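Colleague: Please build the complete structure, drawing on both the sequences and the hints.
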Amino acid sequence: MILSRIPQLVVYGCVSGSIITLGAIGLSLTSGILKFANFAHGDVMATGAFLALFFLFVLQKIGLPSTPLHPLSFGLPLIFAFVLSMLTTGGIAVAIDRVVYKRLRTTGSITLLIASVGVAFVLRNTLQFIWGPDPRYYIKKIQKSIKVPFLGIRIKPDEIFIIIIALFLVILLHLFLTRTRTGKAMRATSDNIDLAQVSGIDTENIVKWTWVIGSALAAAGGVLAGIENKFITPSLGWDMLLPIFAAVILGGIGNPYGAMVGGMIIGLSAELSTLFISTSYKPAVAFIIMIVMLLIKPKGILGEE
Amino acid sequence: MEDDLNPLLKVEKIKAGYGETEILHSVSCEVKEGEIVTIIGPNGAGKSTLMKAILGLLKPTQGRIIFNGKDITGKNPNQIVREGICYVPQSDNIFPSLTVEENLEMGAFIRKDDYKNKIEEIYEIFPDLKERRKTKAKKLSGGQRQMVAIGRALMLDPLLLLLDEPSAGLSPKLVQVIFEKIEKINEKGVSILMVEQNARKALSISHRGYVLVMGKNRFEGSGDAILNNEEIGKLYLGE
Amino acid sequence: MDFIVGILNYAVFFAITAGIFAILCLGLNIQWGYTGLFNIGIAGFYAIGAYTSALLSGPPPGPMDWRVVGGFQLPWPVGFLGAALVSGFIAFLIAIPTLKLKEDYLAIATIGIAEVIRLVLKNESWLTNSVWGIKHIPAPLSSLIERSISLFLKKNPDLPFWLQKLFSNAYNFFYLGLVIFILIILYLVSEKMIRSPWGRVLRGIREDELATATAGKNVFWFKMQAFVIGAMLMGMAGSLYAHYARFIDASSFEPFFGTFLIWVMLIVGGSGNNLGAILGAFIIWGIWAGTEFFTSQLGLTGYRAASLRIIFVGVILEIILILRPRGILGEEKIVSLILKQNKKGG
Numbered sequence: 001m002i003l004s005r006i007p008q009l010v011v012y013g014c015v016s017g018s019i020i021t022l023g024a025i026g027l028s029l030t031s032g033i034l035k036f037a038n039f040a041h042g043d044v045m046a047t048g049a050f051l052a053l054f055f056l057f058v059l060q061k062i063g064l065p066s067t068p069l070h071p072l073s074f075g076l077p078l079i080f081a082f083v084l085s086m087l088t089t090g091g092i093a094v095a096i097d098r099v100v101y102k103r104l105r106t107t108g109s110i111t112l113l114i115a116s117v118g119v120a121f122v123l124r125n126t127l128q129f130i131w132g133p134d135p136r137y138y139i140k141k142i143q144k145s146i147k148v149p150f151l152g153i154r155i156k157p158d159e160i161f162i163i164i165i166a167l168f169l170v171i172l173l174h175l176f177l178t179r180t181r182t183g184k185a186m187r188a189t190s191d192n193i194d195l196a197q198v199s200g201i202d203t204e205n206i207v208k209w210t211w212v213i214g215s216a217l218a219a220a221g222g223v224l225a226g227i228e229n230k231f232i233t234p235s236l237g238w239d240m241l242l243p244i245f246a247a248v249i250l251g252g253i254g255n256p257y258g259a260m261v262g263g264m265i266i267g268l269s270a271e272l273s274t275l276f277i278s279t280s281y282k283p284a285v286a287f288i289i290m291i292v293m294l295l296i297k298p299k300g301i302l303g304e305e
Numbered sequence: 306m307e308d309d310l311n312p313l314l315k316v317e318k319i320k321a322g323y324g325e326t327e328i329l330h331s332v333s334c335e336v337k338e339g340e341i342v343t344i345i346g347p348n349g350a351g352k353s354t355l356m357k358a359i360l361g362l363l364k365p366t367q368g369r370i371i372f373n374g375k376d377i378t379g380k381n382p383n384q385i386v387r388e389g390i391c392y393v394p395q396s397d398n399i400f401p402s403l404t405v406e407e408n409l410e411m412g413a414f415i416r417k418d419d420y421k422n423k424i425e426e427i428y429e430i431f432p433d434l435k436e437r438r439k440t441k442a443k444k445l446s447g448g449q450r451q452m453v454a455i456g457r458a459l460m461l462d463p464l465l466l467l468l469d470e471p472s473a474g475l476s477p478k479l480v481q482v483i484f485e486k487i488e489k490i491n492e493k494g495v496s497i498l499m500v501e502q503n504a505r506k507a508l509s510i511s512h513r514g515y516v517l518v519m520g521k522n523r524f525e526g527s528g529d530a531i532l533n534n535e536e537i538g539k540l541y542l543g544e
Numbered sequence: 545m546d547f548i549v550g551i552l553n554y555a556v557f558f559a560i561t562a563g564i565f566a567i568l569c570l571g572l573n574i575q576w577g578y579t580g581l582f583n584i585g586i587a588g589f590y591a592i593g594a595y596t597s598a599l600l601s602g603p604p605p606g607p608m609d610w611r612v613v614g615g616f617q618l619p620w621p622v623g624f625l626g627a628a629l630v631s632g633f634i635a636f637l638i639a640i641p642t643l644k645l646k647e648d649y650l651a652i653a654t655i656g657i658a659e660v661i662r663l664v665l666k667n668e669s670w671l672t673n674s675v676w677g678i679k680h681i682p683a684p685l686s687s688l689i690e691r692s693i694s695l696f697l698k699k700n701p702d703l704p705f706w707l708q709k710l711f712s713n714a715y716n717f718f719y720l721g722l723v724i725f726i727l728i729i730l731y732l733v734s735e736k737m738i739r740s741p742w743g744r745v746l747r748g749i750r751e752d753e754l755a756t757a758t759a760g761k762n763v764f765w766f767k768m769q770a771f772v773i774g775a776m777l778m779g780m781a782g783s784l785y786a787h788y789a790r791f792i793d794a795s796s797f798e799p800f801f802g803t804f805l806i807w808v809m810l811i812v813g814g815s816g817n818n819l820g821a822i823l824g825a826f827i828i829w830g831i832w833a834g835t836e837f838f839t840s841q842l843g844l845t846g847y848r849a850a851s852l853r854i855i856f857v858g859v860i861l862e863i864i865l866i867l868r869p870r871g872i873l874g875e876e877k878i879v880s881l882i883l884k885q886n887k888k889g890g
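The listed protein sequences derive, respectively, from chains D, V and A.
Following my numbering, the residues of the first sequence are numbered contiguously, the last one being 305.
Following my numbering, the residues of the second sequence are numbered contiguously, the last one being 544.
Following my numbering, the residues of the third sequence are numbered contiguously, the last one being 890.
Rather than coming from a laboratory, the hints here were simulated on the basis of the structure.
Honestly, I wouldn't trust all of these hints.
Derived pair list, reagent style PhoX-like, types lysine-lysine, alpha-carbon separation capped at 20 Å [as the list claims (entries may be wrong)]:
no. : chain 1 : residue 1 : chain 2 : residue 2
1   : A       : Lys-666   : D       : Lys-282
2   : A       : Lys-644   : D       : Lys-208
3   : V       : Lys-435   : V       : Lys-489
4   : D       : Lys-297   : A       : Lys-666
5   : A       : Lys-646   : D       : Lys-35
Computed from a prediction, not measured in an experiment: that's the story for all the values here.
Modeller: See the structure below:
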């Protein structure tokens, strides 16, 4: 009886895992290069989600046709808003680095951590100041899930979109990291920032790129979360922080591929855990996995050296 | 191009250290074009600190460093690398998660031209690396890693190569190999300044050497002169 | 005269809350300021203390409550001590797996812990009555004092109005005295502990854990003590809050008030300094109160005012971190001779 629920839970797990992965990759990249735990990353995801809301509003206002692209529940405006949000969020992250983190680079990881908590509260409350604490919607209509034959599961077209987009972005990132000069320089800087400098790499520029890419991915995760949950609130970021950290630790800080694996594992575990424990304790599952990981193998499953 | 009168690198009476602690108390040395110069001395003498000061990882509080006619004192590593000095640190000198070839590519990061030929050149010097070009550097043995480290530094066709204890942690056979490679690199026209614990071997291939003790110059001479000096031999050359 | 009484009454309210925060800061100072243990889960211990005290000293579950336990209506000191002990005990259990972790990882772990505690408090309604909370928590000696006051007022009906108003708030004056009394005792005890050899070991752990361990000290055990004692203080603060507010539910301990604000207080006041902890609490609470005045002048209310005020506090934190990280009374960080190299940013 219980076993029959597993395939459906796997579907949910893949969807939430995709979202967690996008957040985790960004966190892993920035934490790896800058050597501190960035507690504002969840709220960067929320910022992305709300920026998309803003751009959606603007695009609809200037008359972009918002007929849904069948079978998705949304149309072109959200797609454009999605991309615009990613770019803008990347820019905002660079600005935050310039204003706050850069001045604190030499002071140690704990000071940066505390600073990032401050940034988290400022971001979240800025969102709340502008949009209020109540749920906001991209699309109002509820989408019906379709039944997939043979596998006995139901999935919504939007959810398929989420998984595909996440996969697409991940592949894009992989190509960037392995085929482009800047991408390789990013991996090099993450490995050994001193050696990178000594090789002539402009590590400050690399740091900027890391913020842009990491935060753009976070924004993507935020928007997809909004599509999945149907609504967004300013607190969605802080709520996601624990699963994202768990995914990063699982995969090894600084290892974006590990973060991908970690994200999926966390997503799937959280969903599958509902077979045994109440759904209200789902967030605790990520935490338990993370603690176990920290105690047994702190470098992560795919941990470095 | 330097004439014989002006050395390629001239370090003039520099003082440098970490924070409040001064390690180098007015140290001088020079490297003429085409030379291999070795710096030896007991632990804590400041040999590595000297390298870092030349490279710009530390800023001297006094003194000057002149390279290729330019005053490079206090410049950033970024800029100094572009002047023609490349550096191989003693440890943490590769990018572990990158492949051998990617490590070399990173060495050539600031080159604007096509550096494929340069990579092939490196493989000529270190044939062991060629067959492992797609292997991640962290999977290599100690000796192979050292070769990657040196190879990466050569990618920019440096005028001067700084080597910090190139033989550290290597087996005697590999030590021999590494020093042969260093000579080969020098023959191609790269001047070399190295710091070494393995003093005898290093001095035997060096044109000149300096003995540094407690942050001060103690002796200077040709490689042979230092090797044959009994006093130094007893105190500092050991094995 | 009325005006002055109004101010006085507000000042009492202000001082009671600031005093409770000061106790939280003292607790955090022991954990972080002295020992270097990064705890973002303050709200958890604060809440545990409050609920324990409420369950021990509070009223039994009412007919409409989901809650089924507690309400032993024991005298307040029992609740207060119980809060300290339970908080300390839970801290002990948590510390066993987590104290070995490095700073950043401990921070992440404590967020998780706070989250788990929050979930438990929210979901286990048999214990906590969930979002409906625990009501009518009695305040210590309140009936005695209030009866005496009303008797006094009845006997003297001709007192000027402002004096009557003052007396009717007399209970809070008493409570303020209680809070300050406890604060002073905890401060003195803290100072004593810190200046003792035990305190020196804690500081040694914060500055250079490896060296302290090499010197033969059981670092883990010392960290554990600091963590538990700090948590006990936080539990005590929770008890004081519960019996003052007389109503608690899960939302009374959310991350901003329960954790973030306290961090800002300690950092501004100067971490590593008990007086700084107290000073920081009063200053930041004062600034917080000030922002309320400011936003009401701007005509903002509700969540907009709250958000703006929180943003303001966040900005203050960043400014302090950048310009004066040691806070007002904090000590200059001891720079070790073997520095890591400065990284040049290019």
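Colleague: Each of the hints needs a verdict: does it hold here or not?
Modeller: Comparing the hints with the structure gives:
{"no.": "1", "hint": "A:Lys-666 with D:Lys-282", "in the structure": "13 Å, holds"}
{"no.": "2", "hint": "A:Lys-644 with D:Lys-208", "in the structure": "34 Å, violated"}
{"no.": "3", "hint": "V:Lys-435 with V:Lys-489", "in the structure": "18 Å, holds"}
{"no.": "4", "hint": "D:Lys-297 with A:Lys-666", "in the structure": "32 Å, violated"}
{"no.": "5", "hint": "A:Lys-646 with D:Lys-35", "in the structure": "13 Å, holds"}
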